[in-house]
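Residue numbers (my numbering), protein chains in the order written: chain E, 1307 to 1529; chain S, 1307 to 1529.
The set of hints was computed from the structure by calculation and includes no laboratory data.
Keep in mind the model is a prediction, meaning the values are calculated, not measured.
All the pointers check out, no bait thrown in.
Pulled a few chain S residues facing chain E out of the computed Cβ check, cut under 8 Å:
#1 M1505
#2 R1511
#3 I1512
#4 Y1516
#5 L1525
Don't be surprised by glycine CBs; every beta carbon is placed ideally from N, CA and C.
Number of protein chains: 2
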Amino acid sequence: MPAMTDVPIGLIGGTGREGTGLARRLARAGFSLVIGSRSTERAREAVAALGDAAGRIEAADNATAIRTAGVLFLCVPFSHARTTIEAHQDAFQPGSLLIDVTVPVSFEGGKPTFVEMPEGSAAEHVRRYLPEAVRMAAALKAIPARMLGDVDAPLDCDDFVCGDSAEARDRAIAILQRFPGLRAIDVGALDAARVLERMTLLAIRINRRYKVHDTRFRLVGLP
Amino acid sequence: MPAMTDVPIGLIGGTGREGTGLARRLARAGFSLVIGSRSTERAREAVAALGDAAGRIEAADNATAIRTAGVLFLCVPFSHARTTIEAHQDAFQPGSLLIDVTVPVSFEGGKPTFVEMPEGSAAEHVRRYLPEAVRMAAALKAIPARMLGDVDAPLDCDDFVCGDSAEARDRAIAILQRFPGLRAIDVGALDAARVLERMTLLAIRINRRYKVHDTRFRLVGLP
Chain E
1307 MPAMTDVPIG
1317 LIGGTGREGT
1327 GLARRLARAG
1337 FSLVIGSRST
1347 ERAREAVAAL
1357 GDAAGRIEAA
1367 DNATAIRTAG
1377 VLFLCVPFSH
1387 ARTTIEAHQD
1397 AFQPGSLLID
1407 VTVPVSFEGG
1417 KPTFVEMPEG
1427 SAAEHVRRYL
1437 PEAVRMAAAL
1447 KAIPARMLGD
1457 VDAPLDCDDF
1467 VCGDSAEARD
1477 RAIAILQRFP
1487 GLRAIDVGAL
1497 DAARVLERMT
1507 LLAIRINRRY
1517 KVHDTRFRLV
1527 GLP
Chain S
1307 MPAMTDVPIG
1317 LIGGTGREGT
1327 GLARRLARAG
1337 FSLVIGSRST
1347 ERAREAVAAL
1357 GDAAGRIEAA
1367 DNATAIRTAG
1377 VLFLCVPFSH
1387 ARTTIEAHQD
1397 AFQPGSLLID
1407 VTVPVSFEGG
1417 KPTFVEMPEG
1427 SAAEHVRRYL
1437 PEAVRMAAAL
1447 KAIPARMLGD
1457 VDAPLDCDDF
1467 VCGDSAEARD
1477 RAIAILQRFP
1487 GLRAIDVGAL
1497 DAARVLERMT
1507 LLAIRINRRY
1517 KVHDTRFRLV
1527 GLP
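So that you can see chain E by itself, here it is in the shape it has in the complex (with noise of 0.2 Å):
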């Protein structure tokens, strides 16, 4: 069995902010990265922008990202991810696992809203229109993207990991703990994802109120 870090990690329209700070902060902690992009061209400047960290990083289309790597970020904005997975229901490998990090958060008229689904979370949304042969995966809902990109600055919080078995929840935490800084929870089913997404809103909600940037959370009492 190969090294976990031998294994690319595949960045599902990681050219955007989310997606460009998490492939820095993965880049440094030692993974081989696939970006994929709607352009392949797109993704290539993404690459090119990484500057040194882009040794070992991939530039592809998101269908060229999803066959090739064993594990896959969800980077793209919310309103893209149902018809995303639907887009590319055949390039995904069956044991695969998809990690979504979307955030269903729409600024209407300004105010930080929460984009209720029916399934109850963007999680469980994404988990809907996914194959059932790819395990799944919800983390970093609450890590501000700016600091995922500032790899020189500990993360300094807890990411709350949720997941569809044990083993994605595992899968996900072994590579979360290689940021520096950061503690990976596992707090088990994907409807946990339910209370994940909506403290991304409070902690925007927070940062507005009291005029900072990069409120997160951390857990007391977990030793």
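Start from chain E and add chain S according to the hints.
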């Protein structure tokens, strides 16, 4: 104007686990209290059980507590919240403040489950039945009741306070700031309770999974 600690704080349904823990904590912080219960006799027993802390604590039925105190904590089990409020419509004083600390979590088949309310949260549900002239805040949603009662232990966490006006939140925060080791954070309008109440469920899930008892939250990134 009398000092804040001279105005008694009332606890509606103050004889349960949440109520007695909160009573200990408030008494230690120097507040005068009125412990309310459906039965004055039960309230008297609860006051007696507070022992040394009981000097400035009176027992009363809920109606008397509601009429007497300028600030009220709603400590009944959530399943009794609506009927308790409805039964005492005439006792509430205009301009008084109700601080909802109820937690809408049930244990169905032993599994902690969020009780979905048509209003979105327990706090908004309570607001709907509360007389309009009573102001309202929600607080202490994710602070373990056991820790509230363990008055020698600093809480060492943050509390997230929402409410229907800045004035309501400020009054609640001024009280909570007197609890050692607790930072009270203003998170805005009452609908933030949709997040806060679910965070309680998250903490319960983590407690069970990791076999701990008192997980709670701290916000990182707010100076």
